[in-house]
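K.L.:
Line order of the protein sequences matches chains A and B.
Residue numbers are given in the working numbering: position 283 of the first sequence equals residue 283, and the series is strictly consecutive.
Here the working numbering = 1-based position in the second sequence + 1000.
No wet-lab data here; the hints were simulated from the structure.
Any given hint might turn out to be false.
Some, not all, of what chain B presents toward chain A, calculated at C-beta under 8 Å [to be verified]:
1. G1159
2. S1160
3. F1204
4. L1206
5. T1242
6. L1245
7. F1259
8. L1266
9. S1291
10. V1292
Even glycine gets a Cβ: it sits at the ideal position worked out from N, Cα and C.
2 protein chains.
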Amino acid sequence: MAGAAPKVAGAIERVTIVGAGLIGASVALALRRALPGCRITGVDPDRAVRDALVPAIADAATDDLAEGVRDAQLVFVACPVGAMRQAFETIARAAPANCLVTDCGSTKSSVAVAAEEVFGADSPRFVAGHPIAGSEGSGPAAARADLFEGRIWLLCPAGSAQERMAARLGKLLARLGARVESIHPAAHDAMFAEFSHWPHAVAFALCASIADGAFADAARHFSGAGLRDTTRIGASSAPLWTGILLDNRESVLASARHFREKLDVLEEALETSDRAAIEALFAAASRWRRSVD
Amino acid sequence: MAGAAPKVAGAIERVTIVGAGLIGASVALALRRALPGCRITGVDPDRAVRDALVPAIADAATDDLAEGVRDAQLVFVACPVGAMRQAFETIARAAPANCLVTDCGSTKSSVAVAAEEVFGADSPRFVAGHPIAGSEGSGPAAARADLFEGRIWLLCPAGSAQERMAARLGKLLARLGARVESIHPAAHDAMFAEFSHWPHAVAFALCASIADGAFADAARHFSGAGLRDTTRIGASSAPLWTGILLDNRESVLASARHFREKLDVLEEALETSDRAAIEALFAAASRWRRSVD
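Chain A on its own, in the form it takes in the complex:
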């Protein structure tokens, strides 16, 4: 197997992006800038997305995954997490044996399980990944070549074979401006439930609450930067984030319970006009937030 191990260092000439949404199309743009001679193929089921890809973002586009990865040296799977396993199955069958596959999903435990079942335990053909970058935008129109500049890109190698591949892949990701770090899938999912997935759910809930309240129009007119920032990620893709939350359901529910405890303290203190309790909670919050950045 060692002779067939995918090469990532050196000249990469053919990369395929599976799922050309915000992340996939941004990977394509970033690769174009970093590897000007590289041929980039985008695979997406959506005709409008494919039309947007060529020639601005990719050299070719197809809705046929097997065809799209046929001669790829490197594949980024950037489809919704719920569609990963099926994509892996087709790629394992259709891509060259020395093609390296990585993904960009926001959850990692289910991806690691699917990859192990499809590619084998610690297969050098796969390394799970998660670029910590994005925006509330969706689709290739929201893509940016500099989306990963200065941002962390997490890799989750499952063993020593994947660690070697992660080291090679990491060199390429560094050329996209990313800061590469390794993490275990379970640790990843518990953490990101707490500070990404559940906060997305809170922003969605806040938007939904305002949207069907008495002041949905007034909020548009009068709201300041505070509301706009707090709710910005509530504009994110509903199906995408539904998939992420369900995929990481246990950890997300744990973070939800923890958040609800704070909300209970706050509402109880408001009901009883307990100034000290509110101020203590707010002070702990602002102390932490001021330590960020």
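For chain A, the structure is supplied; the task is to place chain B on it using the hints.
P.N.:
Structure of chain B alone, referenced to chain A:
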């Protein structure tokens, strides 16, 4: 009384800012730019704040409110809402009879009641106000001369006498770049509970939850723009926002109940893996959020 009615149009030569935090100091900076010949006095109980005021932000600073408003033609009261009534009492006694007083508080019902009790019903000496501008910063160091540019500044005249004063004051506020609108105090407070005060509480609760969870440090390291934006206002002043929430307690609790209904739907749907219910809530949320801006 008509002869003693405060003049705002024409040359204003002496303005006093009571409370030189983010908003008060920004008013001072904006006035300096709009009215270069105007003498600006800052009143603040905090020695460090007063030291920061002169000469960069104001011409004089004092901790003696009566002294600070003695010859003022216009007073902006920008102290915390809980301190407004006492400030009004001193100003009513110490300021010239033809001095116009306005405030910058984030709640308006309690301010309107206090102003009526201190200055009298529909007194031409007072108009309640609320500039819809700010940041998570605090104190004069966070002040900006352009904080009000393009932002709405709400005024709450209580009758025809105050409406005339609001029209005059509005001309000055327009010179600070603000877009002036009128609103009833009760309507103001119900609205701002929904799209400002309660969202601040949610951001504080989210920060507090992360802060004492297992991933407080990891969140600092790994968090992306999403978490930073969602929690930004959680860095705001704890005592200031405790005062605002308590001052507008009934409306804030109504908004809290409404938000909790959405949270209940979401958690129940996560518990039962009800994809359709989650996606419906997220879709309603993102539809509204995308209509903002």
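K.L.:
A separate judgement is required for each hint: does it hold in the structure or not?
P.N.:
Status of the hints after comparison with the structure:
Interface hint status for G1159/B: violated, as the beta-carbon distance to the closest one in chain A is roughly 23 Å, over 8 Å. At its closest, the beta carbon of S1160/B sits 25 Å from a beta carbon of chain A; the interface hint therefore is violated under the 8 Å criterion. The interface hint given for F1204/B is met, as the beta carbon of that residue sits about 4 Å from the closest beta carbon of chain A, less than 8 Å. The beta carbon of L1206/B comes within 6 Å of a beta carbon in chain A, closer than 8 Å, and the hint placing it at the interface holds.
Because the smallest distance between the Cβ of T1242/B and any Cβ of chain A comes to about 4 Å, under 8 Å, the interface hint for this residue holds. Hint status for L1245/B relative to chain A: holds, with the closest Cβ pair at about 6 Å, below 8 Å. The restraint placing F1259/B at the interface with chain A holds, with a minimum CB-CB distance near 4 Å, inside the 8 Å limit. Annotation: interface hint on L1266/B holds; nearest CB of chain A at approximately 6 Å, less than 8 Å.
A cut of 8 Å between beta carbons decides the hint on S1291/B: the least distance to chain A is about 6 Å, and the hint holds. Checking V1292/B against chain A by beta carbon gives a least distance of about 5 Å; that is within 8 Å, so the hint holds.
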